[in-house]
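K.L.:
Listed below are the residues making up each chain.
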Amino acid sequence: MRICTVLAAFALILAVAGPLEADPRSDAKKQVEFGISVAQRGLWREAIYRWERATQMDPTYAAAYNNLAVAYEHEGDLDKARTAYEKAIELEPDNALIKQNYDLFKEINDRTPRKDGL
Amino acid sequence: MTARLVRTACSLLAVVLTAACTSYYEIPIETPIRPKLDVSAFQRVLIAGFIAGGSEDVDANLETVRLLRSQLRTKSELRVIDADVLPLMDVAAEEHSVATNGDSLNGQEPQLPSVIKEEKDLEPYEHIFANIEYWKRIGEEYQSPLIVTGTVMFTPHARSGFVQREQEVYDSFGRRRVVPIRTYMERKGFILKPKFIFIDGRTGTTLHSETFREEILYNANQTTPALSSYFELMDRLIPSFLSTLSSQKIKGTRVLLK
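Each protein sequence line maps, in turn, to chains A and B. According to this note's numbering, the first sequence holds residues 20 to 137 in order. According to this note's numbering, the second sequence holds residues 42 to 299 in order.
Everything labelled a hint here was simulated from the structure, so no lab data went into it. A couple of the hints might just be wrong.
Dumping the calculated DSS-like pairs for lysine-lysine here, alpha-carbon to alpha-carbon at most 30 Å [unchecked claim]:
no., chain 1, residue 1, chain 2, residue 2
1, A, Lys118, B, Lys77
2, A, Lys125, B, Lys236
3, A, Lys106, B, Lys290
4, B, Lys299, A, Lys99
5, A, Lys99, B, Lys290
Between beta-carbon pairs, the in silico distance windows are [as the list claims (entries may be wrong)]:
no., chain 1, residue 1, chain 2, residue 2, range
6, A, Asp129, B, Glu159, 31 to 37 Å
7, A, Asp113, B, Ser201, 49 to 55 Å
8, B, Gln84, A, Asp129, 29 to 35 Å
9, A, Glu126, B, Gln84, 46 to 52 Å
10, A, Arg64, B, Arg243, 36 to 42 Å
11, B, Asp276, A, Pro78, 45 to 51 Å
12, B, Arg200, A, Glu71, 52 to 58 Å
13, A, Glu126, B, Glu273, 42 to 48 Å
14, B, Pro221, A, Glu126, 25 to 31 Å
Note that the structure is predicted; figures quoted are calculated from it, not measured. Just so it is clear, CB atoms sit at the ideal spot from N, CA and C, and this is done for glycine as well.
The shape of chain A in the complex, shown without the other chains (with noise of 0.2 Å):
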């Protein structure tokens, strides 16, 4: 009986235990492609957010900051898409497709008058 009682709260404790040590990419991963599904429905405020936590659950991700300037672009704020896509960049910096959406957003970039006028 007392041998259960240990067993089954051992038992408990690796239950408990084994989500706190998932792998944080597997899990930025699912927040990841949760976003492009609903960015793919014109929904984009709820795949920044999603992005969002996929970048602070692992911050090495790079497609996540990617995607997250995709989005901030599409939402016109400009300075979080620049500094989204230099992240990216600098953890992946021989990513083509990255290189590719930061060349395209820096021409739209460029035409854009800055916020204090310039």
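Go by the hints and put chain B onto chain A.
P.N.:
Quick look at chain B alone, frame taken from chain A:
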């Protein structure tokens, strides 16, 4: 030889695998662009008129006023004021004669050209845009709108020289190729050079000014009415003009990554 083949196959496989492993989704986006000028303080806009010159076939002042008013009616949130076009050349001439009254006794004062044929003819008229009191008075008359004025030069233009164009050629096997050919051509057309000046109707001061230049050339034997050319050239610069006053959305495509 076998080792080289293996290496090539491996690198090819790596490229294919990289492409296959990258999950990406193309998505259309619309980026909102802020206007160059903060016009939130204005509810109304007055396209006052322009000092115009160049071709005699087009009244560039009247046509520009009409076109900008119609564009702003549909593409801006500002209310467009319907008013007579201001005779800015007459106003500037009158102002000039008053200003030079003291010197007129010796007959040495510079005269304003009665017809504006080229760009330098515009210069003596341009002081009108700096006349704060005049624009303030106009602003009071129309309940402090944003005033759009400036200069428009629409001039005939001819140019001859070598032009590169593409020509289809077929080789002895009947294969089609497109090759660049340089030919000497005489061409004529028009240059449109407007300068838009945005004036605060409350204070009479200039808020912003912007100059554009567009050019179109046709074959010398082609006859295109001046008015058609004017509209074609204005069509090219209207988006830039509108982006000064109202926000725009730029459509594009981006890639989302997993």
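K.L.:
Now, for every hint given, state plainly whether the structure supports it.
P.N.:
For each hint, the structure was consulted:
{"no.": "1", "hint": "Lys118/A to Lys77/B", "verdict": "holds (27 Å)"}
{"no.": "2", "hint": "Lys125/A to Lys236/B", "verdict": "holds (27 Å)"}
{"no.": "3", "hint": "Lys106/A to Lys290/B", "verdict": "holds (25 Å)"}
{"no.": "4", "hint": "Lys299/B to Lys99/A", "verdict": "holds (20 Å)"}
{"no.": "5", "hint": "Lys99/A to Lys290/B", "verdict": "holds (18 Å)"}
{"no.": "6", "hint": "Asp129/A to Glu159/B: 31 to 37 Å", "verdict": "holds (34 Å)"}
{"no.": "7", "hint": "Asp113/A to Ser201/B: 49 to 55 Å", "verdict": "holds (50 Å)"}
{"no.": "8", "hint": "Gln84/B to Asp129/A: 29 to 35 Å", "verdict": "holds (31 Å)"}
{"no.": "9", "hint": "Glu126/A to Gln84/B: 46 to 52 Å", "verdict": "violated (33 Å)"}
{"no.": "10", "hint": "Arg64/A to Arg243/B: 36 to 42 Å", "verdict": "holds (37 Å)"}
{"no.": "11", "hint": "Asp276/B to Pro78/A: 45 to 51 Å", "verdict": "holds (48 Å)"}
{"no.": "12", "hint": "Arg200/B to Glu71/A: 52 to 58 Å", "verdict": "holds (56 Å)"}
{"no.": "13", "hint": "Glu126/A to Glu273/B: 42 to 48 Å", "verdict": "violated (25 Å)"}
{"no.": "14", "hint": "Pro221/B to Glu126/A: 25 to 31 Å", "verdict": "holds (28 Å)"}
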